[in-house]
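There are 4 protein chains.
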Amino acid sequence: MKTLIKNGRIVTAADEYVADLLIDGEKIVLIGAHLDESGADQVIDAAGLYVLPGGVDVHTHLAMPWRGVETCDDFFTGHRAAAFGGTTTHVDFSIQAKGGTLHEAVETWHAKANGKAVIDYSFHVAITDLTDSVMAEIAELPKIGVTSIKMFMAYKDSLQVDDMTLFKSMQVAAKSGVLSLVHAENGDAIEVLIAEAITAGNHAPIYHALTRPPELETEATSRAIWLAQVAGDAPLFVVHCTCEGALAAVSAARLRGQHVYAETCTQYLFFTKDALNGTADDPFDGAKYICSPPLRETSDSAALWRALRTGDITSLSTDHCPFTYAEQKALGRDSFAKVPNGAPGIEDRLYMLWNDGVLSGRLTPSRFVELVATNPAKMFGMYPRKGTLAIGSDADIVLWDGAAEHVVSAATHHSAIDYNLFEGRTVQGKPVKVFVRGQLVVDGDNLMAEKGSGAFIHRASPLLL
Amino acid sequence: MKTLIKNGRIVTAADEYVADLLIDGEKIVLIGAHLDESGADQVIDAAGLYVLPGGVDVHTHLAMPWRGVETCDDFFTGHRAAAFGGTTTHVDFSIQAKGGTLHEAVETWHAKANGKAVIDYSFHVAITDLTDSVMAEIAELPKIGVTSIKMFMAYKDSLQVDDMTLFKSMQVAAKSGVLSLVHAENGDAIEVLIAEAITAGNHAPIYHALTRPPELETEATSRAIWLAQVAGDAPLFVVHCTCEGALAAVSAARLRGQHVYAETCTQYLFFTKDALNGTADDPFDGAKYICSPPLRETSDSAALWRALRTGDITSLSTDHCPFTYAEQKALGRDSFAKVPNGAPGIEDRLYMLWNDGVLSGRLTPSRFVELVATNPAKMFGMYPRKGTLAIGSDADIVLWDGAAEHVVSAATHHSAIDYNLFEGRTVQGKPVKVFVRGQLVVDGDNLMAEKGSGAFIHRASPLLL
Amino acid sequence: MKTLIKNGRIVTAADEYVADLLIDGEKIVLIGAHLDESGADQVIDAAGLYVLPGGVDVHTHLAMPWRGVETCDDFFTGHRAAAFGGTTTHVDFSIQAKGGTLHEAVETWHAKANGKAVIDYSFHVAITDLTDSVMAEIAELPKIGVTSIKMFMAYKDSLQVDDMTLFKSMQVAAKSGVLSLVHAENGDAIEVLIAEAITAGNHAPIYHALTRPPELETEATSRAIWLAQVAGDAPLFVVHCTCEGALAAVSAARLRGQHVYAETCTQYLFFTKDALNGTADDPFDGAKYICSPPLRETSDSAALWRALRTGDITSLSTDHCPFTYAEQKALGRDSFAKVPNGAPGIEDRLYMLWNDGVLSGRLTPSRFVELVATNPAKMFGMYPRKGTLAIGSDADIVLWDGAAEHVVSAATHHSAIDYNLFEGRTVQGKPVKVFVRGQLVVDGDNLMAEKGSGAFIHRASPLLL
Amino acid sequence: MKTLIKNGRIVTAADEYVADLLIDGEKIVLIGAHLDESGADQVIDAAGLYVLPGGVDVHTHLAMPWRGVETCDDFFTGHRAAAFGGTTTHVDFSIQAKGGTLHEAVETWHAKANGKAVIDYSFHVAITDLTDSVMAEIAELPKIGVTSIKMFMAYKDSLQVDDMTLFKSMQVAAKSGVLSLVHAENGDAIEVLIAEAITAGNHAPIYHALTRPPELETEATSRAIWLAQVAGDAPLFVVHCTCEGALAAVSAARLRGQHVYAETCTQYLFFTKDALNGTADDPFDGAKYICSPPLRETSDSAALWRALRTGDITSLSTDHCPFTYAEQKALGRDSFAKVPNGAPGIEDRLYMLWNDGVLSGRLTPSRFVELVATNPAKMFGMYPRKGTLAIGSDADIVLWDGAAEHVVSAATHHSAIDYNLFEGRTVQGKPVKVFVRGQLVVDGDNLMAEKGSGAFIHRASPLLL
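Residue numbers (this note's numbering), protein chains in the order written: chain A, 1 to 465; chain B, 1 to 465; chain C, 1 to 465; chain D, 1 to 465.
Hints are computed from structural coordinates only; laboratory data are not their basis. Small disclaimer: the values here were computed from a predicted structure and weren't measured. Keep in mind that the hints are not guaranteed to be accurate.
Copies of the same chain are indistinguishable here, so a pair counts whether it falls within one copy or spans any two.
Listed below are the simulated EDC-like cross-link pairs for lysine to aspartate or glutamate, each with C-alpha atoms no more than 20 Å apart in a straight line [stated by the list, open to error]:
1) K2 with D36
2) K451 with E26
3) K27 with D162
4) K143 with D132
5) K338 with E196
6) K2 with E107
7) K175 with E196
8) K156 with D129
Build the full structure now, drawing on both the sequences and the hints.
This is the structure:
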């Protein structure tokens, strides 16, 4: 099957030009001027459209259990939403059970994806219980295509690891071609602040933000950076960086030459902690915005936007971690501390960044592509198969109408979640067609993919930028 | 005329993959797997070679007058050397004569290039005498394809401008789509230090470095940055950044979100000011290394290398400004202050950065391409025509043997200069064939281009990264 | 004549304790518990009062000519105001006339003070025209008791010096035991901004602030610091530091070990540039607040307060430079650019800092004394004669009622100026009696000193902190 | 009993002047010119000598148990050494036993001091086991004169506390007028590095330094600072700050206005980690220099010296923690990990700082006094009783011969330790006589004090600088 995409404006992390592109089977095989249509099975005229590599979202939580509930998107509904947003590959977090092995964690997540996937996917593994045998497992992870581990510095008494675990994990990861990821917040201090808030009767959603102040993210980010340095300049990827202080620590490390990288997530660019105050009608509406780290201040968002341009933020993810408002967030109606932590966003990433980043002039289209596709693919060992438009790469392609205006709404989005953080915003930029490995998965408003058509991506070691 | 390059490893600022590439006339028209050879006039097998965009060197001084002498490379010998080094486009500095106009300066430089060029070229214009009519000229420069101006903060009583000139120039440049470049050293203090050295009888080449300490570059860099900020965030490009302090000022500005960029030049990555002490046999050998700003310390070089990777340095240039050792540098045998300022390097840039940057693991091949070709083309308004391998771009192409070992020497290089800073170093990486707009200009050891075949590039406004 | 002050709370930069203090003639001769009253000519009970060293204000402009007018306080009215505010010594700026000598400048200022002084005084000299003979004069200044020079980096075409003058002056000062002071604003850029504002018809007082943005103070402060470093770590005292950026440059230099010091002035702690907008009734009221550098933002004031405590600001001055509102400021009714630059404050310094610094808990009483008396005396070569309460020191003493509430007003202050920046503020802290060299000069609301009783202080080289 | 000290050069943190000083009983009662000798019981001519307040050393470990041994100085030999060095007050660390109370710890240390003390003393308490009842105890500590607590961030599985303990302790301390002290090194990572060194067979003393790299101190210092900020700007005193990175974190916090203070200790100013390599004759000699944090690099020492002058280091202590070389250090002959951690220095502090600080011109005598006496007395709630020469203060006085040359040696020092870090150095500066509360305790080479004459100092809350 050969598909010829004609006259589109091709964008890569480096380039932007009008040309034709030919897909043969699952791969991109030809890019050129005025390609011959004769051999193509189908010809698509992309005049006036951008031709983008499919988005790569390296921070999602589909079907993730959390204190008795589970995120409301499984690998089908989550993938469907991703695809409609222009994301064709994601990396989800498999989480070691206490007492369990890393391999079991990965197997458990494979089972979640099996038969449901409509985009491509891979897994990180989060370490929660480091024994000698788990240490040995880390070094073996690349064999099963898992080349990134995550350590939580927050969530005391559940996911949180101590510094010894963090440090030893980084050491072995550095030697094994595995990237170390951290959720950087000081869980010990947060635990104290939460207990104090509860004791004081402060239960409203805003206390989620007030009990997780940015200083505690700055601290933990700084700590992870220094530990990574001592662990042999272990490559470190700081997930969901949200505040100026943490960003300053990342920048300083990069200036020193350390292999430190950071992502931020869409919501931190658009909202402040004021959102947690809810609405006049519904104070609990703030619970929709409960995610960790919490939303910050306008000055923090501004700093993140600057770093997206100048390079100290390497990529943009979503931390898609959807809990329904009506049923799941509602579990915390009597206290913020019981509200499931997480916010949705897997579908909104590309158009939000396009609208406020590219159309505003903050980012070039190439930098946009670098942030949402190329850099995450490189950092997570999926390049050149994923993340770009190059000969031999997977034909994960988004035909993007950069001017199409649409209104974001839970009524029309494709996740199972019952709300959308960006509800009611009119934005420009939208996929017209989305291909995964040459197959059309989204065509306008229609999902074309079969359940189970998405494939697991066996990842290589990170390509360190 | 169609040329098919087969099986090469194509590298852009974003990508790296094996494919075939077809040139039709002056342009790249097709990139793909297993392209049909039938329509090609010639087929070149590039298996085992890299296919790189031709280098873009935005900092050169060919046929430049300097206190009664002239740099020893004209637009033919300089271009020849550039081409053999893999550079296919350069931007030279035309310099306003006191009392003259900017347009006259550009015309003068056009005359230097006419009939001699074998690679493509363009011009900046250096402002030395800012009158109201010159202010008006700045706004008109884009019409003649000149979209960058340079102000010297050093060379008191000759090239140096005062802060009022600097500031006003930046203001009008910012409004006119023109990029402001600065040579950032405090010329006032340097003038005092030079006079003191001379009075004290300190004439050896090393005093060139000692009278231009890094603090004075840090100061001037910081000054230019703040003035650019007040001038409406005027885009600022700091040429030949050499030291940690100046780099820190650039980094801080970028973190604040200012549109500040810096280049460094090859020599600052490889030598320290110790080189100015000369050799045991010939203390005056140090004069070969007299350039401004001077060579610095090992810690400065290390900082520059780090910033090449992490992004605070945007591109690598040469500041090729060749004066022969035997005759021209010799004018300063009795005092460093009379030594013509400048060092050669137009031919050495790519292989030196490849050898010590890419092969050492400091830089990916893509980052290499970004530094020597893509970013300078973008920053100086020549993209997408120059600086990349994309459909529709000029077929400025280097077939690069990344492993070819060779010894750098004045005996074999192609500049008119009688010495080479890297004399005797064995390095890997070398062009096998070089094309300019589809024409083969270098084939192994042979120059294939006709004099005058190089073209002036009418530049657009900078694409601000 | 012996005066015994009993039961007061003595405060020095180090200490705070209750004791008796005996003055014999002009000197402090005894401090102790329960001193014998028998030998004293007079005994003053200071129970409940603080006994402070007299304030030292090293930044004033009395009887200073400025574009055809003169500051409205001469050495009598200015001294009277100072004395009522608890300041017993000041250092005024004598200013070199273009073409004149430094010694002539000092002589001119001596003539202004002669016969009028009621507190002690000394002079800096501002260099405006640096010739070789003036260079020679700098080295001779200590012989006439002048150990500080000032260079203006602003006021293009009048007071401003170029960097060569600045640098050479610093060099010779460093070798001569003379402290270099700078007014750090980039006058070149300011001149352009002022001209633009005028051209645009922007004449209101607020444009004074808008044409002197903080970036231009940060720039100049940084420049002076780097030049001082290259000039042999020439001791540098940055006058009227007003903004976070400049302060950061000072802090960074101090951390590097450079001998850099900064003062701020009272007004920068209390007002923002909003004051230049005037009042609803009188928009031109903003002219009262026109001083250079201009008032800044709340965040800048906050940074200055922090640095007063932690040490990166060495002392507090007033930059008392009074022009009457009714007649002198009014010269600029049609344009901010014609408003005489300067604000009054010589009387207000101690109680404003006491009220908002000590009583608020920001500063200890000892740090208060250090900032207003001890450090300026040390930095300007008047210690131990001035600036402290120690055996052998001049008996410059303020009996201070730390709780006395009073309302600041031009109606009751003692300067010739017709307005007070702090008009209407109720503050605590006030001198009850003030002694200069053992003589009572202020007693409650009465001036007790004779005109001409104040003495010139022949200053030694700075005691570098 | 009245003692008159005549003609000495009195130095306080603010002042320096020649005067007479009268002691009556335990207190200073009079300072003045030419005091009457008639009422004095004894008159001492201090002409040519400095009269200094007795040194205050807030970081010592006398009779401290450590893995089965005990530091070799008890409260008699340690005090004797202190007194001969000019230190008249110290604060020792009482350490909570696991399962024990803080009050028991203080009681245990009282018992160690009882009947032995010859100088004055007080106690901090180190928290090792934080329960709710211990939390309650912290708030009660001021009642027993203990106003500082210490938390160890190193020594995993023995003294180390987790971040929750650290944070909660800071919170309660902040509310109780208690100062929080931290030993800032990341004990988790250190533990891993030590285990790795041992596994690798790296047992020499130098591995003590190599397993405790400065990054781990920088990290922990930064962590403590951020936690203190979130704990309500809890006043934080970082003990034994040794490296540039940690110092930078302290400086940044101070610039932000946080109440953060740091001390360094004498050895860090004079030695680098090279000392741990031992001598050619005796490689194990390096064990003498094993203390934690370890000795660093020359650049670190230089930074500490700079900060002593400019203020980011608040005071100088010794961390006197003496283990004999012959017997105690020897326990670790087969491995650095078994060498008791600690170095002596209680006697050497004043003359080492005088010789290399004051005589070299780095510090004024006043700053010297501030660092070794006044600031520690203020920060630890003993001012104005201790730390200065003021009316009403304890007559803790050192008559100091600033020029007396002597050779430092274990053969002549007064501690029980069998080596001296400064062995063989010729230095200037030495006490001639030392008084504690008016009693002569050292007279030349003779100890005049009776055992048990030293008194416990019931401390008030810190006077925050």
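Same-copy or cross-copy closeness of K143 to D132 [CA-CA at most 20 Å]:
Close inside one copy (19 Å), not across copies (48 Å); limit 20 Å.
My question is about K338 and E196: at a cut-off of 20 Å on alpha-carbon distance, are they close within one copy, between copies, both, or neither?
within (15 Å within a copy, 42 Å between copies)
Given a CA cutoff of 20 Å, do K2 and E107 count as a within-copy pair, a between-copy pair, both, or neither?
neither (35 Å within a copy, 53 Å between copies)
Homo-oligomer pair classification [D162, K27; C-alpha up to 20 Å]:
neither (44 Å within a copy, 53 Å between copies)
Intra/inter-copy verdict for K2 and D36 if alpha-carbon distance must be at most 20 Å:
Close inside one copy (12 Å) and across copies (17 Å); limit 20 Å.
When no copy is specified for K156 and D129, does a C-alpha distance of 20 Å or less occur within a copy, between copies, both, or neither?
The answer is both: 13 Å in one copy and 19 Å across copies each meet 20 Å.
As a check of your reading, is K175 near E196 (CA-CA no more than 20 Å) within one copy, between copies, both or neither?
between (42 Å within a copy, 15 Å between copies)
Within a copy, between copies, both or neither: where do K451 and E26 come within 20 Å Cα-Cα?
within (17 Å within a copy, 47 Å between copies)
Of the numbered hints listed earlier, those contradicted by the structure are 3 and 6.
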